[in-house]
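Chains as they are written, first to last, in the numbering used here: chain A, 1 to 79; chain B, 1 to 410.
Hints should not be assumed to be uniformly reliable.
The list that follows gives simulated cross-link-like pairs (lysine-lysine, PhoX-like), each with its CA atoms no further than 25 Å apart [claimed, not checked]: (1) A:Lys68 with A:Lys14; (2) A:Lys71 with A:Lys14; (3) B:Lys124 with A:Lys65; (4) A:Lys71 with A:Lys31; (5) B:Lys124 with A:Lys14; (6) A:Lys65 with A:Lys14.
Selected chain A positions facing chain B (Cβ under 7 Å, derived; list incomplete) [said to hold, decoys possible]: (7) Thr20; (8) Gly21; (9) Leu42; (10) Glu46.
Computed Cβ-Cβ distance ranges for the label pairs, DEER-style [said to hold, decoys possible]: (11) B:Met153 with A:Ala24: 27 to 37 Å; (12) B:Asp227 with A:Ala24: 27 to 37 Å; (13) A:Ser32 with B:Ala248: 39 to 49 Å; (14) B:Leu197 with A:Ser4: 40 to 50 Å; (15) A:Asp62 with B:Ser47: 40 to 50 Å; (16) A:Lys65 with B:Asp213: 57 to 67 Å; (17) A:Ser4 with B:Lys122: 30 to 40 Å; (18) B:Leu197 with A:Pro29: 15 to 25 Å.
These aren't lab readings, by the way, just hints derived from the structure by calculation. All of these numbers come straight from a predicted model, not from anything done at the bench. Backbone N, C-alpha and C fix where the C-beta goes; we use that ideal spot for every residue, glycine too.
Listed below are the residues making up each chain.
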Amino acid sequence: MAVSEQEILEGLGKIVNEITGIPASEVTPEKSFVDDLDIDSLSMVEIAVAAQDEFGVEIPDDQLKNLKTVKDVLNFIQA
Amino acid sequence: MSANRARVVVTGLGATTPLGGDVTSTWSALLAGQSGVRTLTEDWVDSVPVKFAGVAAVDPSEVLPRPEARRLDRSEQLALVAAREAWQDAGAPQVAAERLGVVVSSGIGGITTTLSAYDTFKEKGWSRLSPFTVPMLMPNGPAAWIGLDLGAMAGVHATVSACASGAEAIGYAMDMIRAGRADIVVAGGTEAAIHPLNIAAFAAARAMSTRNDDPQGASRPWDRDRDGFVLGEGAGIVVLESEEHAKARGARIYAYAAGVGYSADSHHITQPEPEGRGIIMAMTQALTDAGVTGQDIKHINAHGTSTPAGDVIEVQSVAKAIGTHPLVTSTKSMTGHLLGGAGGIESVFTVKALEGRIVPATINLANPDDGIEVDIVHGESRTLPEGDIAAVNNSFGFGGHNVTVVFTSH
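The whole structure should be built from the sequences, with the hints applied where relevant.
Laid out in structure tokens, this is it:
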């Protein structure tokens, strides 16, 4: 079942909001997790685990460090 | 008391307890003689012999923002709530980060996190553990989160001595200021240990009341029919400050944290020493440290946990070290025993008693036990005299740790 990019973005926004309190509307493709959203590495681990559960995609630790922007995560989940 | 040593004042108070989510509501409930103990309704109560506890009146996870609450153990949540209240109560003082410290302790630390994380690990594997598991379970976690919240750089510490932990934290904080290491130190204790394993373990030590048919009558310090302590949870925090710093910024001064005394029984790992030699030593040293005499002490917030072994030894030791004249109370009759949080909330209560010149009554004391010569406040609250007076908070812990803190009005 294909999930649209918009659906993934919405799901990711909910996860980021749940974990960090950042409004889901600020989770847009061009944002950097660290530089724009001020999310630390431990919270990124939480987000990755939650995203794995939500979208059924395994995100290995060595891939996680390459996922710097919201767009990177969208691409990874869709790939 | 050395002439050139900095004097330490109390400029802020914070508490979240089984009686209320802040100092004002808790203190009102204490003066009204209310019990914060209630029957537990969790599905695990059938597995333990004690089915009641002093549950925090206000759930800290409902007070804190959700993203913050989810990365904190409950003991850290409670500590942060009380610390923020105390800091605001002190007027959110301007102080250099290098001159601000934190000493906040817990007796058991993030044990609920430890146990629930182990369940997660066994059921779902390591990768499903929260990346915050370690900072949630470490016993210095509450101090560390408060230090982060306030930006404290002068030192963030967590003294651990079971049920004396909170009082020891306040003593250590006083020493930091008196040694010139800090101008302000946020200090106190926290505990969130209402978990079946803790209840089972304390019950296995035969330390807890099993008065399941009368939870609010279960904590009955000094009463003939007492049968053990009642577990409570919460946190109590004081803002301590050098007198010079507080006066320079025009802060309200509640009281002076004038002296502290420490000792160890070195007698038995859990039982009190029958002659109270360690307790007497802690009280005597605290009085000397504060530069006061037994006659100056008008009030004692006792450790008084409602255990058959400890209560009478404590007040017999008070009679020897201080005298039979102070108004003695055990607020644990209403809050239950907050373990590492006890010294925190009871220091807050001791300061409130000095400020308002009133001592809340010990509840459930229907038939005082034999051998008690001191004046235990029960029935209704009693007033303290005007003028320069002093009060004592006693805290003792498994391991034989004894801590006495002396607060003075002037």
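Right, here's what the structure says about each hint:
no.: 1; hint: A:Lys68 with A:Lys14; result: holds (18 Å)
no.: 2; hint: A:Lys71 with A:Lys14; result: holds (15 Å)
no.: 3; hint: B:Lys124 with A:Lys65; result: holds (23 Å)
no.: 4; hint: A:Lys71 with A:Lys31; result: holds (8 Å)
no.: 5; hint: B:Lys124 with A:Lys14; result: holds (23 Å)
no.: 6; hint: A:Lys65 with A:Lys14; result: holds (21 Å)
no.: 7; hint: Thr20; result: holds (5 Å)
no.: 8; hint: Gly21; result: holds (4 Å)
no.: 9; hint: Leu42; result: holds (4 Å)
no.: 10; hint: Glu46; result: holds (6 Å)
no.: 11; hint: B:Met153 with A:Ala24: 27 to 37 Å; result: holds (35 Å)
no.: 12; hint: B:Asp227 with A:Ala24: 27 to 37 Å; result: violated (53 Å)
no.: 13; hint: A:Ser32 with B:Ala248: 39 to 49 Å; result: holds (44 Å)
no.: 14; hint: B:Leu197 with A:Ser4: 40 to 50 Å; result: holds (47 Å)
no.: 15; hint: A:Asp62 with B:Ser47: 40 to 50 Å; result: holds (43 Å)
no.: 16; hint: A:Lys65 with B:Asp213: 57 to 67 Å; result: holds (59 Å)
no.: 17; hint: A:Ser4 with B:Lys122: 30 to 40 Å; result: holds (37 Å)
no.: 18; hint: B:Leu197 with A:Pro29: 15 to 25 Å; result: violated (46 Å)
Of the numbered hints given earlier, the model fails hints 12, 18; all others are met.
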